[in-house]
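Asks: Chain by chain, the residues:
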Amino acid sequence: MTRDIAVVAFAQTDVLRTSDELSEVEMLMPVLHEVLDRTGLKTADLDFTCSGSSDYLAGRAFSFTLALDGVGAWPPISESHVETDGAWALYEAWTKLLTGEADTALVYSYGKSSPGSLRDVLTRQLDPYYVAPLWPDSVALAALQAQALIDAGDTDEPALAAIAARSRSDATSNPHAQLRGSLPQGEYVVRPLRIGDCPPIGDGAAAVILAAEDRARELCARPAWIRGIDHRIEAHSLGVRDLTDSPSTRLAAEKAGAFERPVDTAELHAPFTAQEVVLRKALELGDDVRINPSGGALAANPMMAAGLVRIGEAAARVHRGESDRALAHATSGPCLQQNLVAVLEGDPR
Amino acid sequence: MPEVLKAPLVVEFPFTRSLGPVQSAFLTGLRERVVLGVKTTDGRTLVPPVEYDPVTAEEIRELVEVAPTGTVTTWAWNPGPRRGQPLATPFAWALVRLDGADTALLHALDVPGPDAVHTGLRVRVRWAEDRTGAITDIACFEPYDHEGEPARPTDHTGEFEDRITGIVAPARLDYTYSPGRAQSAYITALSEQRTVGERCPSCRKVYVPPRGACPTCGVPTAEQVEVGPRGTVTTFCIVNIKAKNLDIEVPYVYAHIALDGAGLALHGRIGGIPYDKVRMGLRVEPVWTEGARYPDHYRPTGEPDADYDTYKELL
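First to last, the protein sequences are chains U and L.
Be aware that the first sequence starts at 1, since it is given in UniProt numbering, and climbs by one per residue.
Be aware that the second sequence starts at 1, since it is given in UniProt numbering, and climbs by one per residue.
Careful, some of the hints might be misleading.
Distance ranges between label pairs, derived from CB positions [what the hints assert, rightly or not]: (1) L:Gly43 to U:Ile77: 45 to 55 Å; (2) L:Pro170 to U:Ser169: 40 to 50 Å; (3) U:Asp55 to L:Pro170: 17 to 27 Å.
Some chain L residues near chain U, calculated using beta-carbon distances under 8 Å [said to hold, decoys possible]: (4) Pro48; (5) Ala76; (6) Thr103; (7) Ala134.
Derived by calculation from the structure, the hints in this document are not laboratory data.
Just so it is clear, CB atoms sit at the ideal spot from N, CA and C, and this is done for glycine as well.
Throw the hints in and build the complete structure from the sequences for me.
Replies: Now the structure itself:
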């Protein structure tokens, strides 16, 4: 069975370095209200809700159950949660709509990284036997990948700086971005990566609404139809992988139909500059494709939400008529460990 | 608006993990200064070794010994070592392909500066003095410029005396906890011996403690409402087992208490009355101890019991 399913609305918070005055639900709620307002739907109208978050970020056990307070889950709703980026929650909601059991779904995700030390927190997702006991932080692992790319002749420090500059320059038109405009590349954090090559650490949330078939057309003037979506994973041991390539991204893109026709826009979830080089290669994106008009993850990288934001940003461009066929990518884990690719299209104008 | 509260929060746990047969042999080998790899069915040697082939998912068990020397395949200079990392002075992270292996191992490389490291650098294991059967039995790698025959993997049974079967991996993360606006206001009022909830603008229910949102309506709560101090026991249980580090004689009663004006019950201990005299509908009030930020327990007020109809919606 196949059904046409679309992203019909998207909302996101401003991404901020700290948000002490807000609990997670207090941060999330305005975004939920905004995305519902865009469609005129109420919680009771939604057939399914799926969220993505991680308790490790803020150190709060079962924080996702508290976040549900912002949804208004009474009478009891059909609901699920993934402990990763909200892009994977969207994937689950998409499969639910495909079955025909639901016609509409709310997908949201949020991350408050400010209470903890994110570089250390992320070490806890690594192989607990051989890697996590060494506490290699997220920047260190990304730096190993960047050096491998430099050694392979795929990039160099000036090219990485240019990716950083383009991203923050594009972000000047994105009111939600955390880093905007011209910023110095700065010192090495872990060489060869400088401050400018790394994403800002910030708190934020995002939400989208999915709808199927005619319901999508009722809720949105120009739905962003999901023509394909797929996600794949690399071997977990970093030393087994070729860090200069991303076969999982390529395979996910192939399964999502990304190579069938060219895309005009790509929102790539590349938290570190060098990762954009890997993704461009894997996705065969030419210079004529608009990459990260939002500024991407180098301008705002709220953990657990930044991948969903890529899908939301790509969909919003389709909604506004600024794109006819867009690719959205989300990643999770060290050195592009897991990758999700979605292809979104608008109806012909 | 009162100041938003903050407090340090340490999450610390010693994870006890059991090992599969390949991991067990590898980590025991490190204790004995032996580096083992595992052969895949297509003839590659994986170091560090895993239990299942990352390509075919086949169970792999054929162990080989590789050299403690190898080549850097990529590196990154770490000018600021962080807690828990292998070296306390600036060092290079490196993926090292040991002689005889086809894959690389992540570890620290002790060199004086970034100019002393490059991809292709020859290195060897520096063993830790105290070895327990853990990846940290390799203290780090160090440069090694001896030229010699490239080592080939040699068969190894993986058998050692006193083979380890598990590891304890301590983990600690430090946070600065902030409960947000609504809970900060609640805690601040509580320190003045007042209980302040928040009313839902939609369904009018008063939440105590407030969390900033009405979970039924999904809207923010903001209107502050002082409730109590008296309340009604809606339901209770009798605790018969003494909790560790808790200086309260058993049996005692733990109860749900609906404070007057609150839309839901909170919980607390009931004192000042024999445990077997506590009942639903009992009227209680908080007892504060000197300097406490929350009530120590609740005791009977002496009022007549509340009518069931007055609290049946709060059960």
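Asks: Compare the structure with each hint and give your call.
Replies: Hint-by-hint comparison with the structure:
no., hint, in the structure
1, L:Gly43 to U:Ile77: 45 to 55 Å, "holds (53 Å)"
2, L:Pro170 to U:Ser169: 40 to 50 Å, "holds (44 Å)"
3, U:Asp55 to L:Pro170: 17 to 27 Å, "holds (19 Å)"
4, Pro48, "holds (5 Å)"
5, Ala76, "holds (3 Å)"
6, Thr103, "holds (5 Å)"
7, Ala134, "holds (6 Å)"
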